[in-house]
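The lines below spell out each chain.
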Amino acid sequence: MKRTIQTIIMLAALTASAAAQSGPSAAELLARVDGNEFYSTIVYKGRMIIEYQGKRFVKKMAFWGKGNDDTFVEFVNPEDRGTKYLKKGGRLYVYSPDSEQVMLISGHLLKESMMGSDMSYEDSIENEKLSARYVPTLSGSEPLNGRAAWVLDLAAKAKTESYPRRRLWIDKETGDVLRYELYALSGARLKEYNLIRAETIGERRFPVESEMRDLLRRDSRTVFIMDSLELDAPIDDSVFSMRNLER
Amino acid sequence: MKEGPLKTVGTIALRNLARHRVKTVITTIAVAVSVALYIAADAWLLGMNLDSRRNIVSYEIGAAKIQSDAYFAKKDELPMYESFVGWEKIADALETAGYDSAPRFVFSGTLYSRTGTAPILFDAVDPEQETALLRYPDFVESGRFPEAGRAELALGTVAADKLRVGIPRRPTTEEYEKDVYGAATDAGEAGFIAGLYDERDGLMALRDDAGAAELDRLWGILSRSGRMDVRISTVIDMVAAPETVRRDRFEEDLLPSLDAEGRALALGSYERDPVLDEYYLTTDDPATLAALLRAMTVADYSGAIRHVNQLIDATVVGIVNSPNPKTNGNVGFIPLDALQGEAGLMLDGAVTELLIRSSGASDTALPGKAERPESIRAALDSALAASGETLPEGLSVRGWEAYAEDYLAASAGDNVSTRVMIVFLFILSFIGIANTMLMAVLERTKEIGMMRALGMTDGQLLLSYSIEAGMIGFLGSMAGVALGCLINIPMVEYGVDFSSMSKEMGGDFGYRVAALFRSAWNPATIILTAAAATLLSALMALPPTIRALRLPVTESLRFE
Numbered sequence: 001m002k003r004t005i006q007t008i009i010m011l012a013a014l015t016a017s018a019a020a021q022s023g024p025s026a027a028e029l030l031a032r033v034d035g036n037e038f039y040s041t042i043v044y045k046g047r048m049i050i051e052y053q054g055k056r057f058v059k060k061m062a063f064w065g066k067g068n069d070d071t072f073v074e075f076v077n078p079e080d081r082g083t084k085y086l087k088k089g090g091r092l093y094v095y096s097p098d099s100e101q102v103m104l105i106s107g108h109l110l111k112e113s114m115m116g117s118d119m120s121y122e123d124s125i126e127n128e129k130l131s132a133r134y135v136p137t138l139s140g141s142e143p144l145n146g147r148a149a150w151v152l153d154l155a156a157k158a159k160t161e162s163y164p165r166r167r168l169w170i171d172k173e174t175g176d177v178l179r180y181e182l183y184a185l186s187g188a189r190l191k192e193y194n195l196i197r198a199e200t201i202g203e204r205r206f207p208v209e210s211e212m213r214d215l216l217r218r219d220s221r222t223v224f225i226m227d228s229l230e231l232d233a234p235i236d237d238s239v240f241s242m243r244n245l246e247r
Numbered sequence: 001m002k003e004g005p006l007k008t009v010g011t012i013a014l015r016n017l018a019r020h021r022v023k024t025v026i027t028t029i030a031v032a033v034s035v036a037l038y039i040a041a042d043a044w045l046l047g048m049n050l051d052s053r054r055n056i057v058s059y060e061i062g063a064a065k066i067q068s069d070a071y072f073a074k075k076d077e078l079p080m081y082e083s084f085v086g087w088e089k090i091a092d093a094l095e096t097a098g099y100d101s102a103p104r105f106v107f108s109g110t111l112y113s114r115t116g117t118a119p120i121l122f123d124a125v126d127p128e129q130e131t132a133l134l135r136y137p138d139f140v141e142s143g144r145f146p147e148a149g150r151a152e153l154a155l156g157t158v159a160a161d162k163l164r165v166g167i168p169r170r171p172t173t174e175e176y177e178k179d180v181y182g183a184a185t186d187a188g189e190a191g192f193i194a195g196l197y198d199e200r201d202g203l204m205a206l207r208d209d210a211g212a213a214e215l216d217r218l219w220g221i222l223s224r225s226g227r228m229d230v231r232i233s234t235v236i237d238m239v240a241a242p243e244t245v246r247r248d249r250f251e252e253d254l255l256p257s258l259d260a261e262g263r264a265l266a267l268g269s270y271e272r273d274p275v276l277d278e279y280y281l282t283t284d285d286p287a288t289l290a291a292l293l294r295a296m297t298v299a300d301y302s303g304a305i306r307h308v309n310q311l312i313d314a315t316v317v318g319i320v321n322s323p324n325p326k327t328n329g330n331v332g333f334i335p336l337d338a339l340q341g342e343a344g345l346m347l348d349g350a351v352t353e354l355l356i357r358s359s360g361a362s363d364t365a366l367p368g369k370a371e372r373p374e375s376i377r378a379a380l381d382s383a384l385a386a387s388g389e390t391l392p393e394g395l396s397v398r399g400w401e402a403y404a405e406d407y408l409a410a411s412a413g414d415n416v417s418t419r420v421m422i423v424f425l426f427i428l429s430f431i432g433i434a435n436t437m438l439m440a441v442l443e444r445t446k447e448i449g450m451m452r453a454l455g456m457t458d459g460q461l462l463l464s465y466s467i468e469a470g471m472i473g474f475l476g477s478m479a480g481v482a483l484g485c486l487i488n489i490p491m492v493e494y495g496v497d498f499s500s501m502s503k504e505m506g507g508d509f510g511y512r513v514a515a516l517f518r519s520a521w522n523p524a525t526i527i528l529t530a531a532a533a534t535l536l537s538a539l540m541a542l543p544p545t546i547r548a549l550r551l552p553v554t555e556s557l558r559f560e
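For the record, the sequence lines run as chains A and B. Under the numbering used here, the letters of the first sequence match residues 1 to 247, in that order. Under the numbering used here, the letters of the second sequence match residues 1 to 560, in that order.
Each hint should be verified, as a subset may be incorrect.
In silico DSSO-like links for lysine-lysine, alpha-carbon gap of 30 Å or less [unchecked claim]: (1) Lys88(A) <-> Lys74(B); (2) Lys111(A) <-> Lys75(B); (3) Lys88(A) <-> Lys55(A); (4) Lys55(A) <-> Lys178(B); (5) Lys88(A) <-> Lys75(B); (6) Lys159(A) <-> Lys55(A).
What the hints contain is simulated information worked out from the structure, not anything from laboratory work. Source: prediction; values computed, not measured.
Isolated chain A (complex conformation) (with noise of 0.2 Å):
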């Protein structure tokens, strides 16, 4: 009798440590990354540093972001000063300063790159759950640039998602995404973030430099920098306007 009763108390021991050890499971883990990055709006002023075959460009902007439907982008760098886009009710809009005119940019021009970088418009405005997108599945742990980081890899809930695969990396100890893969349905590599730098900034980590790769670009990479960044505040209506882009 004794010794069952040692048997069971070892045994339910060694469960313990195995589930301590285990780690979190790959919906706690996404849904970790969700309340580190989903925000509902977002203004900041950042910089996005796009090297392309020896080339190196600086795009200046200013952005306004709410949820996943408004979003309004200011470039204030010399040579694209004034150039601005709008999101708004699932339609992204340009104005140019040297034409004077508003485009609609739909279809297929919203996987073109953004402004010559590694990111397509639709990257650049995406703000969506990943959990409400993608069923979670943990598939190891891997030291990544020297952080120990889960492997998750990712599958669309809905065939009409635009990358039907992700895997991510995520940090073990901060959570933090530190690299991402995004795939085609065909399940070819598309593009490879990677992060350079998070802070946190209230109780959340949030990533404020990172560099995305458009993988099927030859020798090109976009670094994407914030040099001010404030979260959930409130944001006035009238920045997501026509009037606003035309202004």
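Use these hints to put chain B onto chain A, whose structure you have.
Positioned in the frame of chain A, the structure of chain B alone reads:
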């Protein structure tokens, strides 16, 4: 009684022509040049237009297309979600009615080769049906046309040059050494490649007399080196009712954009979540969802359109260089059945259009009565009715002109501007005639006075000078017609090879003629131009003569 004075008037006119030989010859030449230019330009325009129209029908569109009305309304955006299924039954019915048909799925994307990228318009086709209906598959200048079931691509020659795929005809020394000669895997292949190219003007040039077997072998070597491997980057447009919509977007954007029926559908399919302040989709009934999606896409509500990234590996197997530049530009042809599954575009049998041409139609003839959309529709309806079917609602047959409106408008504009220029030239030469006649009449004012004093009536004098001018016009017209026809003969028979210029302009300059510009005979224009030039010349004599006749005879006799 009347023959005497008329003959006299005619004789005077002819003598006057002979008396002022230099003026007559110069003015005649001016009229001849104008007439010849008009005839040549008209024949050239007619030839270009006829060839362009034939090439649009034979290489690009066929006589007509079946598309969904929703697709046609937005055809410039290539809305792949407005495609249709069940085209096979329609194709069978068309065959019964005596028409060939070819299904297509048109989409755009970016093509990546080893060395570059290019935006490409892709036509996913059934190789067999496409080859039966259109002629461009016969103009694969190297390689072959793609085969069904394989991710193979035939590229327009312009795109191939840009992406450096296919067999390079004039590579730089660097490209030749790296990509062509460098593709050889042994000494035998290296010697074979070296024997196919010569150095000309600092560039390497493929030998003009290279045979088909040699080109096939070279293609094989280059293909093995990876030169023909490409990747198609595109997006699959799909429609799906959004699971959730923010309250303000639902109420301010979606609902106002829908018609009454659509609004009722949306309000019945979504419910408001008071906690999250958003509307969420509550229905999963396929029929309701389909109707809701239709209402959203008709209203152009972009929230219902999703874009799925896709990357497709393919191999270029042929380069198209046909007489229609549209097939030679940034265009790719890929088998339709290679794009059905998740490795393709998830087409599930859908196509964006069905091209139609009368079975056995001549390539040299434009579509006739039997190929008019209404005739095709009537024949199709009766063939479908025989098997208890009807053409699905929302699908329509439209003639080729509906898809070539841009060309037809540009061509009409070109016609007008060219004709206006020629008419100006015409006017200039007639101003020359008017001037000649003015001078002639002024010089002969005294003579006119004397003839009037001798009893010639004003009418006879007017007739005399009109005949004189008319004869100049007639002689000029005849010379012009002869000259115009002489220009036309080689232009109609052989044409002019503008392929270099065409290539410089990216292979596409509006007209659907790639290299050889040929004229066409237009007898009506030749006859009418000659008649108009003669008549106009005769009329040019009237104003100065009338002016001279207004002077009293006594003053005319004193005129110096």
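Structure-based check of each hint:
Using a Cα cut-off of 30 Å, the hinted pair Lys88(A) and Lys74(B) holds, with the two alpha carbons roughly 22 Å apart. For a cut-off of 30 Å, the pair hint linking Lys111(A) to Lys75(B) stands: about 19 Å separates their Cα positions. At most 30 Å may separate the alpha-carbon atoms for a hinted pair to count; Lys88(A) and Lys55(A) exceed this at roughly 33 Å. Straight-line distance between C-alpha atoms of Lys55(A) and Lys178(B) comes to about 25 Å, which keeps the hinted pair within the 30 Å bound.
For the given pair, Lys88(A) sits about 24 Å from Lys75(B) by alpha-carbon distance, which is consistent with the 30 Å threshold. Distance check on the hinted pair: Lys159(A) and Lys55(A) sit about 38 Å apart at the alpha-carbon level, beyond 30 Å; violated.
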